[in-house]
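Asks: With the hints as extra help, turn the sequences into a complete structure.
These protein sequence lines are chains A and B, in that order.
Residues 1 to 140 in my numbering are what the first sequence spells out, letter by letter.
Residues 141 to 624 in my numbering are what the second sequence spells out, letter by letter.
Please note that a few of the clues may not be correct.
[Claimed, not checked] Covered stretches of chain A, going by a simulated chain B footprint (3 or more residues, C-beta under 8 angstroms):
1) 6-14
2) 91-97
3) 119-125
[What the hints assert, rightly or not] Mimicking DSBU-like on lysine-lysine, the simulated pairs with C-alpha atoms at most 30 angstroms apart in a straight line are:
4) 394(B) <-> 51(A)
5) 112(A) <-> 404(B)
6) 164(B) <-> 404(B)
7) 135(A) <-> 563(B)
8) 264(B) <-> 164(B)
9) 370(B) <-> 289(B)
10) 404(B) <-> 290(B)
11) 404(B) <-> 188(B)
12) 112(A) <-> 264(B)
13) 164(B) <-> 135(A)
14) 258(B) <-> 574(B)
15) 401(B) <-> 135(A)
16) 51(A) <-> 130(A)
17) 51(A) <-> 146(B)
18) 135(A) <-> 394(B)
19) 258(B) <-> 332(B)
20) 320(B) <-> 402(B)
21) 112(A) <-> 320(B)
22) 282(B) <-> 453(B)
23) 320(B) <-> 332(B)
24) 135(A) <-> 188(B)
25) 135(A) <-> 290(B)
26) 41(A) <-> 563(B)
27) 581(B) <-> 282(B)
28) 51(A) <-> 401(B)
29) 41(A) <-> 330(B)
Hint data in this document are derived by calculation from the structure and do not stem from the laboratory.
Just so it is clear, CB atoms sit at the ideal spot from N, CA and C, and this is done for glycine as well.
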Amino acid sequence: MPFDFIDHPADIALHAFNTSYSNLLPDFIQGWRSVAVESTKFNSVLTQIIKWEAESFEELAINMLNDLNFFLDTRGQICVEFTIMQFHTTPIFSLEAAVQFDDNTMHDIVRKQEIKAITFHDAAVQFDGKNYHLKLVLDI
Amino acid sequence: MPLTIKGITLQQITECVWEIAPEKGMRVPGRVYISPEMLSGINGEELKQVMNVACLPGIVNYSLAMPDIHWGYGFPIGGVAATRVSDGVISPGGVGYDINCGVRLALTGLNYTDIQPKLEQLIKNLYNAIPTGVGARGAISKLQLNDLKKVSETGVSWALEQGFGTQNDKECTEEFGCMKEADFSAVSQKAKERGIDQLGTLGSGNHFLEIEVVREIYDEEIARSYGLFKGQVVVQIHTGSRGFGYQICDDFVKQLGEATKKYKIDLPDRQLACAPVDSEEGELYFRSMASAANFAWTNRQIIMELAKREFLKTLHLQQSDLRFRLLYDVSHNIAKIEKHLVDGKIESVCVHRKGATRAFAPGHPDLPNMYQLTGQPVLIPGDMGRYSFVCAGTQSAMEATFGSSCHGAGRLMSRSMALTAAKGRNLIGELREKGIIIQAKGNDTIAEEMPGVYKDVASVVDVMHRSGIIRKVAKLRPLGVIKG
Numbered sequence: 001m002p003f004d005f006i007d008h009p010a011d012i013a014l015h016a017f018n019t020s021y022s023n024l025l026p027d028f029i030q031g032w033r034s035v036a037v038e039s040t041k042f043n044s045v046l047t048q049i050i051k052w053e054a055e056s057f058e059e060l061a062i063n064m065l066n067d068l069n070f071f072l073d074t075r076g077q078i079c080v081e082f083t084i085m086q087f088h089t090t091p092i093f094s095l096e097a098a099v100q101f102d103d104n105t106m107h108d109i110v111r112k113q114e115i116k117a118i119t120f121h122d123a124a125v126q127f128d129g130k131n132y133h134l135k136l137v138l139d140i
Numbered sequence: 141m142p143l144t145i146k147g148i149t150l151q152q153i154t155e156c157v158w159e160i161a162p163e164k165g166m167r168v169p170g171r172v173y174i175s176p177e178m179l180s181g182i183n184g185e186e187l188k189q190v191m192n193v194a195c196l197p198g199i200v201n202y203s204l205a206m207p208d209i210h211w212g213y214g215f216p217i218g219g220v221a222a223t224r225v226s227d228g229v230i231s232p233g234g235v236g237y238d239i240n241c242g243v244r245l246a247l248t249g250l251n252y253t254d255i256q257p258k259l260e261q262l263i264k265n266l267y268n269a270i271p272t273g274v275g276a277r278g279a280i281s282k283l284q285l286n287d288l289k290k291v292s293e294t295g296v297s298w299a300l301e302q303g304f305g306t307q308n309d310k311e312c313t314e315e316f317g318c319m320k321e322a323d324f325s326a327v328s329q330k331a332k333e334r335g336i337d338q339l340g341t342l343g344s345g346n347h348f349l350e351i352e353v354v355r356e357i358y359d360e361e362i363a364r365s366y367g368l369f370k371g372q373v374v375v376q377i378h379t380g381s382r383g384f385g386y387q388i389c390d391d392f393v394k395q396l397g398e399a400t401k402k403y404k405i406d407l408p409d410r411q412l413a414c415a416p417v418d419s420e421e422g423e424l425y426f427r428s429m430a431s432a433a434n435f436a437w438t439n440r441q442i443i444m445e446l447a448k449r450e451f452l453k454t455l456h457l458q459q460s461d462l463r464f465r466l467l468y469d470v471s472h473n474i475a476k477i478e479k480h481l482v483d484g485k486i487e488s489v490c491v492h493r494k495g496a497t498r499a500f501a502p503g504h505p506d507l508p509n510m511y512q513l514t515g516q517p518v519l520i521p522g523d524m525g526r527y528s529f530v531c532a533g534t535q536s537a538m539e540a541t542f543g544s545s546c547h548g549a550g551r552l553m554s555r556s557m558a559l560t561a562a563k564g565r566n567l568i569g570e571l572r573e574k575g576i577i578i579q580a581k582g583n584d585t586i587a588e589e590m591p592g593v594y595k596d597v598a599s600v601v602d603v604m605h606r607s608g609i610i611r612k613v614a615k616l617r618p619l620g621v622i623k624g
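Replies: Structure (structure tokens):
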């Protein structure tokens, strides 16, 4: 798996690593989803094109995950497929993606953890010569 | 003898007070309330956060940490800091995501023996009546936007208008159940959408409703004045502003991140994003946070009323037999404008309490008449297998900690460590052997919140009591617990 969990005193620290910034994004979604819901089988019932912009990659990833968390919490929509259509790192970080959602008002998706928010706590990308690493703390 | 933890030097001031001298941008010293025995549980990260908070512009006296201190976001959990209104800042990191997460304690006129035969049924009925768990919703009819506006701007008064409670409940809630600065127009559309169907829900994680019995009285006079007696059945509720507050915090961590740049505030941690208290951005956050605070008090008010109704129904009692009434409702995560002594003068300061409880002294004008002689009831919950405490605020708290105390036990074990430690154990059975019935959505929640994962709250409360910050009044023992 392109993500793992690091021990954290009260919450959940999700660590993802991959060869590029853009590859990290679906890894984080997969990791976030494994915390948020029990289910592993989904149907894709809705597709939405969503754009995000931020001054840093960390901020972009956090904003994206917080929005996906919001969709789950308010509309029961869980992101099941994520296709990057455009990704730029200059002049600012920007992302356009086709996001496919399952809908737990139509299918019985079992929620696992209530995630209050994805935080900026100690969020800083590091490169080890092969992979980019980022740890994001999910406030439970 | 000074002590060094991860390169941070602590100087012992009194038995349970340790000081970190200002360095690297700190504007005031750090002060940590902790016993020498508890210092072994400190890993240094939380002390670094105490030092980071000391760098906030306008901070006065000390960056404080209570004995339940642990690593948080920006501020440590158990952190208290006051900033001058005139030139200081306000930070969502000093309040937290669950704005006005707090506890309330309701008293009954019943003895343990009165409920013991029906305890199991009572717990089941409470669990069915009060929505718990992830994304819980639907305790009351779905609110219209106009109702949500009233909840966020008038707080507990809205619940009373809907028949959820009595005037006494309002009297016995911090701020009388409403921060008047709340402004619904300052709240984002996303927060409104996230909060609209979560009123009257307990949520998940460490939130709970417990039926407890008063096990021990430490201060007879104050206990009598509070209406507490040995063997008495009481109900404790711990929850907050649910998705409404989470979203407001998330919105403002971003917005105040921009403000931090605009006002050229140099911060050691992005989660301390802040703005001058009297700036447009600072005021907008404060009004929005106050809206979430009012939501949280209303949430606990509704849950308490739902619980009262289940007591009446399950035990076939009349209200006059049950004698159900709120002792007090305290906030754990909040920022408030209060007057405190700074450099020998009374000043208006913005007190951030992040995982800390207000503990006002006897005679404080913000307390209702009934607590003028005793001081404010300070409610400190422990874990679900041991005990919780009722304490009283003191004058020393006003002088040393901006009228603040600890808020709970503080975690000892991470969630993953807890799950590992719980493997192969029958936690429900273990609690039942101790006479505690638990009803929860999932076994993982029970494992993550089991007794051993928290510090012993008695040692946390003892530090505060020995330091003169609070007076111990009574110890409560859980009988039944519902959790998300």
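Asks: Compare the structure with each hint and give your call.
Replies: Hint check:
Only residues whose C-beta sits within less than 8 angstroms of a C-beta in chain B count toward coverage, and the segment 6-14 of chain A has 6 of them, enough to reach three; the restraint holds. Using a Cβ-Cβ cut-off of 8 angstroms, 0 residues of the segment 91-97 of chain A lie near chain B, which falls short of the minimum of three, so the contact claim is violated. By the rule of at least three residues with a Cβ nearer than 8 angstroms to a Cβ of chain B, the coverage given for the segment 119-125 of chain A holds, with 4 such residues. For the proposed pair residue 394(B) and residue 51(A), the alpha carbon gap of about 17 angstroms is at most 30 angstroms, so the pair holds.
For the given pair, residue 112(A) sits about 41 angstroms from residue 404(B) by alpha-carbon distance, which is inconsistent with the 30 angstroms threshold. Distance restraint check for residue 164(B) and residue 404(B): the Cα-Cα separation of roughly 18 angstroms lies within the 30 angstroms cut-off, and the hinted pair is therefore satisfied. Of the supplied pair hints, the one linking residue 135(A) and residue 563(B) holds, its CA atoms being roughly 27 angstroms apart against a limit of 30 angstroms. For the hint linking residue 264(B) to residue 164(B), the alpha-carbon distance of about 54 angstroms lies beyond 30 angstroms, and the restraint is violated.
A hinted pair counts as satisfied when its Cα atoms are at most 30 angstroms apart, and residue 370(B) with residue 289(B) does not qualify at roughly 42 angstroms. Taking the CA atoms of residue 404(B) and residue 290(B), the gap is about 37 angstroms. The hint is violated against a cut of 30 angstroms. Restraint check for residue 404(B) and residue 188(B): satisfied, since their Cα atoms lie roughly 22 angstroms apart, inside the 30 angstroms limit. In summary, the hint linking residue 112(A) to residue 264(B) is supported, as the alpha carbons are separated by about 22 angstroms, within the 30 angstroms threshold.
Of the supplied pair hints, the one linking residue 164(B) and residue 135(A) holds, its CA atoms being roughly 26 angstroms apart against a limit of 30 angstroms. This hinted pair checks out: residue 258(B) and residue 574(B) have alpha carbons roughly 17 angstroms apart, not beyond 30 angstroms. A hinted pair counts as satisfied when its Cα atoms are at most 30 angstroms apart, and residue 401(B) with residue 135(A) qualifies at roughly 24 angstroms. Taking the CA atoms of residue 51(A) and residue 130(A), the gap is about 28 angstroms. The hint holds against a cut of 30 angstroms.
For the given pair, residue 51(A) sits about 42 angstroms from residue 146(B) by alpha-carbon distance, which is inconsistent with the 30 angstroms threshold. Between the alpha carbons of residue 135(A) and residue 394(B) the distance comes to roughly 19 angstroms, so the proposed pair stays at or under 30 angstroms and holds. For the hint linking residue 258(B) to residue 332(B), the alpha-carbon distance of about 39 angstroms lies beyond 30 angstroms, and the restraint is violated. Restraint check for residue 320(B) and residue 402(B): the C-alpha separation of about 28 angstroms stays at or below 30 angstroms, so the hint holds.
A C-alpha spacing of about 36 angstroms is found between residue 112(A) and residue 320(B), which places the hinted pair above 30 angstroms, so the restraint is violated. Proposed proximity of residue 282(B) and residue 453(B) is supported: the alpha carbons are some 24 angstroms apart, at most 30 angstroms. About 19 angstroms separates the Cα atoms of residue 320(B) and residue 332(B), which keeps this hinted pair within 30 angstroms; it holds. Of the supplied pair hints, the one linking residue 135(A) and residue 188(B) holds, its CA atoms being roughly 19 angstroms apart against a limit of 30 angstroms.
Taking the CA atoms of residue 135(A) and residue 290(B), the gap is about 40 angstroms. The hint is violated against a cut of 30 angstroms. Taking the CA atoms of residue 41(A) and residue 563(B), the gap is about 26 angstroms. The hint holds against a cut of 30 angstroms. Straight-line distance between C-alpha atoms of residue 581(B) and residue 282(B) comes to about 22 angstroms, which keeps the hinted pair within the 30 angstroms bound. Taking the CA atoms of residue 51(A) and residue 401(B), the gap is about 24 angstroms. The hint holds against a cut of 30 angstroms.
Our distance criterion of 30 angstroms between C-alpha atoms is met by residue 41(A) and residue 330(B), whose separation comes to about 28 angstroms.
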